[in-house]
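Participant: Listed below are the residues making up each chain.
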Amino acid sequence: MEKIPANLRYSKEHEWALAEGDIVKIGITDHAQSQLGDVVFIELPEAGKEIHREKVFGVVESVKAVSDLFAPVSGEVIAVNMEILEKPEGLNGSPYGAWLIQVRPKDPEELAKLMDAAQYEHYLKELSK
Amino acid sequence: MKKTPLYDLHVALGGQMVEFAGYSMPVRYSSEKIEHMAVRSAAGLFDVSHMGEIFLTGPKACDAADLVMTNDVGKADQGQAVYGVMLNDKAGIVDDIVAYKFASDKILLCVNASNREKDFAWIKKIVREVYSENEVLVEDLSDEYAQIALQGPKAASILSEIVSHDLAAIGKFRFFEGDLKVGESNLKAIVARTGYTGEDGFEIFLAPRDATVVWNELLKRGSSLGLISCGLSARDTLRLEAGMCLYGNDIDDATSPLEAGLSWVVKWDKKVPFYGRAGLALQKERGISRKLVGITLSDRNIARAGYEISDDDGNVVGKVTSGTISPFLGIPIAMAYVKKPFAEVGSKVYVDIRRNKIEAVVTKLPFYKRAQGL
Chain A
1 MEKIPANLRY SKEHEWALAE GDIVKIGITD HAQSQLGDVV FIELPEAGKE
51 IHREKVFGVV ESVKAVSDLF APVSGEVIAV NMEILEKPEG LNGSPYGAWL
101 IQVRPKDPEE LAKLMDAAQY EHYLKELSK
Chain B
1 MKKTPLYDLH VALGGQMVEF AGYSMPVRYS SEKIEHMAVR SAAGLFDVSH
51 MGEIFLTGPK ACDAADLVMT NDVGKADQGQ AVYGVMLNDK AGIVDDIVAY
101 KFASDKILLC VNASNREKDF AWIKKIVREV YSENEVLVED LSDEYAQIAL
151 QGPKAASILS EIVSHDLAAI GKFRFFEGDL KVGESNLKAI VARTGYTGED
201 GFEIFLAPRD ATVVWNELLK RGSSLGLISC GLSARDTLRL EAGMCLYGND
251 IDDATSPLEA GLSWVVKWDK KVPFYGRAGL ALQKERGISR KLVGITLSDR
301 NIARAGYEIS DDDGNVVGKV TSGTISPFLG IPIAMAYVKK PFAEVGSKVY
351 VDIRRNKIEA VVTKLPFYKR AQGL
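As they're listed, the protein sequences go chains A and B.
Here my numbering is used: position 49 in the first sequence is 49, and no number is missing along the way.
Here my numbering is used: position 185 in the second sequence is 185, and no number is missing along the way.
No lab work stands behind these hints, which were simulated from the structure alone.
Be careful, since some hints might not be right.
Some, not all, of what chain B presents toward chain A, calculated at C-beta under 7 Å [stated by the list, open to error]: (1) Ser30; (2) Glu32; (3) Lys33; (4) Met37; (5) Ser233; (6) Arg300; (7) Arg304.
Glycine is no exception: its CB is placed at the ideal position from the N, C-alpha and C atoms.
Let's have the full structure, built from the sequences with the hints guiding it.
Facilitator: Structure (structure tokens):
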């Protein structure tokens, strides 16, 4: 299992969020990609769409199953990672390197409601019990 | 959760363990695509120890097997394995099973792990209605066997290095009892040329205590030929490409072999008629209203189990039972029950994928057939 980066925040649905200036990058965690297995297709909202915290904003298809993506924060999508849409297997190779979308958060305070790396690590341990 | 005798080895090999049929099983070791393609091009090793082994022994064992399942065990040779289904009174499938005929007084029924208890109770019930314990004994010996599947075009050459028999003499769906030579030990095993991948290959029944050394020996001997450990996810995509049914998805207590495209395993006129024959005959006479078919979709539109199928006018005409993106073909494939008018190869239907109607075409099964040989 890859080390959980200290500079990211984490949701219970295994998405990560990274604040960079006034935007937030969103991706999925190493745990998520390893549960999914080989990712073959990702469906993401277009730029300009609103996403809502804890609501579905996209879909990841792996060979084995289909999984919803849940928004860790609310906001407006301002960029979509076209590269990862073209090469979705990149999520397996580098889950923390490959962001999916960038959003302008509606409420920057929401980020603080997510888990930090230590809390997420603990959360994963609890899940594996 | 139950563990197979290979559990510690799976963990040591980096297998990602998941719950399946009450067992902790490896779903993949690295990538299911790589594992899948290894089986198509070289070979793969699978732990199938969770499968159940129910023995029928005694003078009426073979007759009892013919009572239990639809295919003809009586006509089979000693050392032959026969695929078939067990039926309930309403033509539904209790389980799909393989009967291994050692002799007319000894038959091994290999059953799905998820159905083991149900099957054992069912077999005892219907056998006891006809035969006494002196005539046939029904025993669940699942815990006395581990099972390893070695599958792929290189399987025979890998196994031949450690096995006592000439594998060239063992045809498809034939088996033998022999020895596996590992180091100084000769380990007893039942070796069958059967599988669930659409490739040549073997399923090896052996004592639980021998499973780990045999697995390691096969990996050691086969790795230079491309043999790798494979998990349940690859097993599922391999069997789906090969058009094989998965119990619980594509067949169950409410689907019949006529609907599931398994008429070829139903032998209507065997010496001992199978249980459920009257119910199935009634269905045959009335005609079936739906059929299990293969469908293919375009692009990256993956149909998953449970998705609805509709016609041009939006009427629901079926349901997907298994679906994935085929690692070998690179396109989405699925199995589905559709109403009979839509079951013709080439029929156009629509799969409801996240509220979008996506075009799909009914396609001949299997999706993948190996080029030649066994």
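Participant: Compare the structure with each hint and give your call.
Facilitator: Results for each hint:
1. Ser30: 10 Å, violated
2. Glu32: Since chain A brings a Cβ to about 5 Å from B:Glu32, closer than 7 Å, the hint holds.
3. Lys33: 5 Å, holds
4. Met37: Since chain A brings no Cβ nearer than about 11 Å to B:Met37, farther than 7 Å, the hint is violated.
5. Ser233: 5 Å, holds
6. Arg300: Hint on B:Arg300: holds, closest Cβ of chain A at ~4 Å, below 7 Å.
7. Arg304: 6 Å, holds
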